[in-house]
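Going down the list, the protein sequences come from chains A and B. Each residue of the first sequence is one higher than the last, beginning at 1 in this note's numbering. Each residue of the second sequence is one higher than the last, beginning at 1 in this note's numbering.
Think of the hints as simulated: they come from the structure by calculation, not from any bench. By construction, the Cβ of each residue, glycine as well, lies at the ideal position given by its N, Cα and C atoms.
Derived pair list, reagent style EDC-like, types lysine to aspartate or glutamate, alpha-carbon separation capped at 16 Å:
| hint | chain 1 | residue 1 | chain 2 | residue 2 |
| --- | --- | --- | --- | --- |
| 1 | A | Lys324 | B | Asp227 |
| 2 | B | Lys324 | A | Asp227 |
| 3 | B | Lys192 | B | Asp688 |
| 4 | A | Lys251 | A | Glu295 |
| 5 | A | Lys174 | A | Glu673 |
| 6 | B | Lys251 | B | Asp285 |
A few chain A residues that face chain B, going by a derived Cβ cut-off under 7 Å, partial list only:
| hint | residue |
| --- | --- |
| 7 | Phe185 |
| 8 | Asn224 |
| 9 | Val331 |
| 10 | Gln334 |
| 11 | Thr335 |
| 12 | Gln336 |
| 13 | Gln337 |
| 14 | Val338 |
| 15 | Arg339 |
| 16 | Pro341 |
| 17 | Pro674 |
| 18 | Arg678 |
| 19 | Pro680 |
| 20 | Leu681 |
| 21 | Gln682 |
| 22 | Met685 |
Listed below, chain by chain, are the residues.
Number of protein chains: 2
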Amino acid sequence: MATIGDIALAAAINIITALIFLIAFAILRLQPVNDRVYFPKWYIKGLRTSPTSSGTFVRKFVNLDYRSYFKFLNWVPDALTMPQSELIDHAGLDSAVYLRIYLLGLKIFVPIFFFTWAILIPVNWTNKTLEHSKETYSQIDKLSISNIPHASPRFWAHVAMAYLVMIWTCFMLKKEYETVANMRFYFLQSEKYRPDQFTVLVKNIPPDDQESVSDTVENFFLVNHHDNYLTHQVVCNANKLAKLVKTKQKKQNWLDYYQIKYSKKPTKRPTMKTGFLGLWGAKVDAIEHHETEIEKLSNQIAEERKNVMNNPKSIMPVAFVSFKTRWGAAVCAQTQQVRNPTLWLTEWAPEPRDVYWKNLPIPHVSLTVRKVIMGVAFFFLTFFYMIPIAFVQSLANIEGIEKAVPFLKPIINIKLIKSFIQGFLPGIVLKIFLMLLPKILMMMSKFEGFLSKSRLERRCASRYYLFKFVNVFLGSIIAGAAFEQLSTFLNQPANRIPEIIGIAIPMKATFFITYIMVDGWSGTAGEVLRLKPLVIYHLKNIFLVKTERDRERAMNPGSIGFNTGEPQIQFYFLIGLVYAVVTPLLIPFILVFFGLAFVGYRHQVINVYNPKYESRAAFWPDVHGRVITALIISQVLLMGLLSTKHAAASTPVLLALPVLTIGFHIYCKGRFEPAFIRYPLQEAMNKDTLDRVREPMNLKGYLQNAYIHPVFKDEGSDDHYEDGVVIIPTKRQPRPEAWPGEEIIQEKHKP
Amino acid sequence: MATIGDIALAAAINIITALIFLIAFAILRLQPVNDRVYFPKWYIKGLRTSPTSSGTFVRKFVNLDYRSYFKFLNWVPDALTMPQSELIDHAGLDSAVYLRIYLLGLKIFVPIFFFTWAILIPVNWTNKTLEHSKETYSQIDKLSISNIPHASPRFWAHVAMAYLVMIWTCFMLKKEYETVANMRFYFLQSEKYRPDQFTVLVKNIPPDDQESVSDTVENFFLVNHHDNYLTHQVVCNANKLAKLVKTKQKKQNWLDYYQIKYSKKPTKRPTMKTGFLGLWGAKVDAIEHHETEIEKLSNQIAEERKNVMNNPKSIMPVAFVSFKTRWGAAVCAQTQQVRNPTLWLTEWAPEPRDVYWKNLPIPHVSLTVRKVIMGVAFFFLTFFYMIPIAFVQSLANIEGIEKAVPFLKPIINIKLIKSFIQGFLPGIVLKIFLMLLPKILMMMSKFEGFLSKSRLERRCASRYYLFKFVNVFLGSIIAGAAFEQLSTFLNQPANRIPEIIGIAIPMKATFFITYIMVDGWSGTAGEVLRLKPLVIYHLKNIFLVKTERDRERAMNPGSIGFNTGEPQIQFYFLIGLVYAVVTPLLIPFILVFFGLAFVGYRHQVINVYNPKYESRAAFWPDVHGRVITALIISQVLLMGLLSTKHAAASTPVLLALPVLTIGFHIYCKGRFEPAFIRYPLQEAMNKDTLDRVREPMNLKGYLQNAYIHPVFKDEGSDDHYEDGVVIIPTKRQPRPEAWPGEEIIQEKHKP
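My request is simple: use the sequences and hints to build the entire structure.
Set out below in structure tokens:
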């Protein structure tokens, strides 16, 4: 049992760690040489130029202005002052709404903090149950529900608090759902012409012996949507071509590396081995080798390109069909076209840069099978992942390593290193697996055949959350592997399960407090510091960068990572809601996390991340649903806990909690979810009418080539993050009365 | 334990009962005086005229032609020879598809009968488990799975058979779903103009202070569906008016009764008491009293009619909006109109005669609350209905009756009658409740606010099935009240529940065999005999009928009663699938039921029932879903049974059964269900184009008054079953190449 002193120590350590990270960040970000690591977003937007191009040589790399170091926390107000409307303009609606999740955490838990500390802490503290019992206990337990005697009427305070938590959480959730839905509509209304507003993705076009796919599509839509149909683009299977282009790009990188090496040390031509990973094989001149390889690939690419263009077999039964009006597209996307509901499937087309081209050629019939396989695979991954890990751990022992890399034997046999390996290696194997997990989940989602990156990420997020819930949350509470839990649960009566977990909950409070501090506090500070990208950028800068464009590529910050970030936040919602009534002491730790993370990620969104796509907050129903899930879990566990406390009278009252919560969820689903999956005809008609009056446009020309596979657009470039900027003009004209101060952003926020 | 002899005796009794019913039917139907009871459908269609209008006096009532009695089973081939296409024309698609449920039963169980008898009966019979055990057993048990020793490899035969049953059932289900979906599409394509093809029901129209509802609707659809909008009809709250009209109709009936009474016995003016049920109160002249009452009501009706017409408050925020094309209606019905998904809700309008007008004025916001209330109420009704029954039973004893009707005391105290009351009254109370149950369920569905009669009946059917499953199926297997089961189940581990039920299953085979014979065989024969309608018709004919129109009203046969009939059939599917592998002896009894019921109900559909509405087989997904449910239940119970037989090796193999079945269901849901809930745009466009070319029509005039509340159409008439005929011309012109022999039906099938 941890005492308050233990917690205070852990808190001190983590606060110091976080502070060190933040101070390091404050110093590093001021160095011009790191500018592209800490402010890439502004470079990508073209609002900042390289500081290395002016000043003395030293000043190019190190900031010598001592005054700037005093204001090392300046980035906090900078991150907070940008108004939301500017933020949406600057980073997109997705990012702005993503930040609102942290804000939602604050909105939910600040009042809960006050309620619970004002009421439950005194109610818990003023008992002497633990003092009279013979068990050891700490002051933390005295503050928790454990200190209430069996069958005490004081439990009614906890029941009332559970209601208060539910009502407040639901109230905030509803307000937030409403706000986000309105933001989405407003965003849609204020957007300029975008190809996806007019385009529908048509899948499973039935084959026709007489006609090409293109003609079939044209005929079909000319007949069945004759007033609205405009044009269409068929989809080619360019996966092989894309692969070749990617390989060529990799070779090009190596060529660059060797050329730079050679230019620095012109006395020695760089050589390489042709075998696996350059470890063995014939020694050749590296530059020449790569040059011939690249030429070979270029020829292959040209051939494959011709093949894809001309071979009718490379045309997939999938097409992007564009309409004259948004109304027409909305009608087509939201209705069934033919008798057979598996043919001519229509759905809204994703943004061009959101399309996951690799999955478009997957035959539609195989999708169900893929889904089932991945469902089963995920089940086994969640409940039995410990088995392969244990297997690898058993392999990765001293003997195994000695066998694999015999030349390391003398080093390994040093006693200190030996014990280190034996002690830490198993843990490291697990850590590596957990680091790879998001990648594994992403591969699984890709295998399932989703057609847009946004949906891939959303699917990953929900699976990652489930995995964390089973293996981190349940796994920490009931020690034991997940598959053991599974068999326990199957063999227990249904109403015993919440009891088993419920009893263990108060005892694990200190564990989760420590978890929050390590993962939440230090983790967030580490995220702001961006140590890994910093190192990688400088490495690339030294070894690969030749031109300004290479440097831009090297600094590519990626997107915020919804698939891992969102489940992490949700985990805090879960812990917070579960412990709100049981151990209110935990809440302030959650609050610190939400506050810190909000500031930190707001800074990152403004200065660093560059979203891959804009899904217009399509992920919010998932976010909402997971908070609701956490709320219901917390209620069921509280019920289980109280039923062991001989507070049977409260059970029927508690039973109403999950029922009411589910009712609330159904209400929200009906009321707000359609805003995220359908496009109302009135909205479409309004926007059509306004646009026709305000700025008519040659839509056909605009849409004809909007959905072209990226390999056909600019060969040899992998600047995918630029594609979006190129294809989709995002210069939105906000209505000044609603989002004022639009014009000054570029001046004001150049850091 | 029943022996084979017991079963044979019960079978003999029930066969004789059924035969008596059928012979009585054969004789009664030949009497001209009963003609309107046994052939009302032909009268309603106007293809048969009253036989009482010709021949000698006696021949008007009794058939003296002795030859016709020899052919007393003639109706069977008559019922079977009408081809399906004619049947659809004659009785509608709903009825034709309803009959296919019985046919599906035959298609599923005939091969299962052969499989199981060929394989399982020998496998079961050739053991000596029961002979060696000390328990008493019968020959029936020797034929069942009970005769297999523990952990015998012979269980693999049962497992294989379970797979065979699943595969065959799913195969037939799929074929049938496909057929019915195609029949539905074909029916839709071959229908002439019908108002519901062009009309959308719009609910929850937002109020506008400046405009009337009618103007709001017109403006909205002119803007958002400007190419397609044609006209609309607002809905008035005429519930009070309808009530008044109904009361007047009742009074009119009494007036007729008294007038006929007076005309038969002109010496004595009939009198009546004005109090409750005519039991007490002042004595008045009945004819005069009713005449003044009717006049009063007529004035009230005229006033209320004016009120409804002119008062804007009586206009509900609901409208029937008609479109120029089916395409336009399909688009509007299947899309979201405005941002707020709870406003301007659109759905396909039901047929005019299918509309349940009384529920149109229910405010949309209250629907969810109503649904929840009814869900809870149904739960309690299912699990706790025995409590009020027991309470009533405790009241309805000798003392209670003596108190309520003291003048019966001498009769009650006769010993024979006393013991009769004590023995049978509790049973009768339960029987009355079960007879009222469909009415109670219908009231519950009406309270839920469904807008069409077809949906009301479908909801009732699914609830009735659930009730039967819990209280008849589970209740018979595990003796004990449902709420006791509930607490047992909650306190058992999840995997114990199928075991508990599974063990009991083989023991209850004889009970269900008897049930099938009584309810299925004799019940079906009784249905064909139509004893109750026969008596009621003759009573009405004597006491009420003045004109030919009154007689038509008296013979009104009603519809087939989907809400009670379909759950009954489903119950046989359930028993059949559960016992197919466990006690194959039961299957032939099921087969006899399906065969008999198919013939019987086909005859009834052709000659008797007059459907209230035509939902175009919209109920089929429910039927399919319930057979799937039965299949899954049978598989889970088999798993439970085998796990107690120490056949643990088979469990994983059996586990795949429900998983595969659910997978099949999901496939069918995706593949076929859309045919029953959506209208593909291609179909709509095809039909629009064809109609435009073949027979253009003034749609506006046709649709303008299609959806008018029945009270405004013809006051004082309650011939609701005629409305459909009047409003919707059902003269369909079938394509001769597909459904031949159409023209001869009217001649051939006049019986």
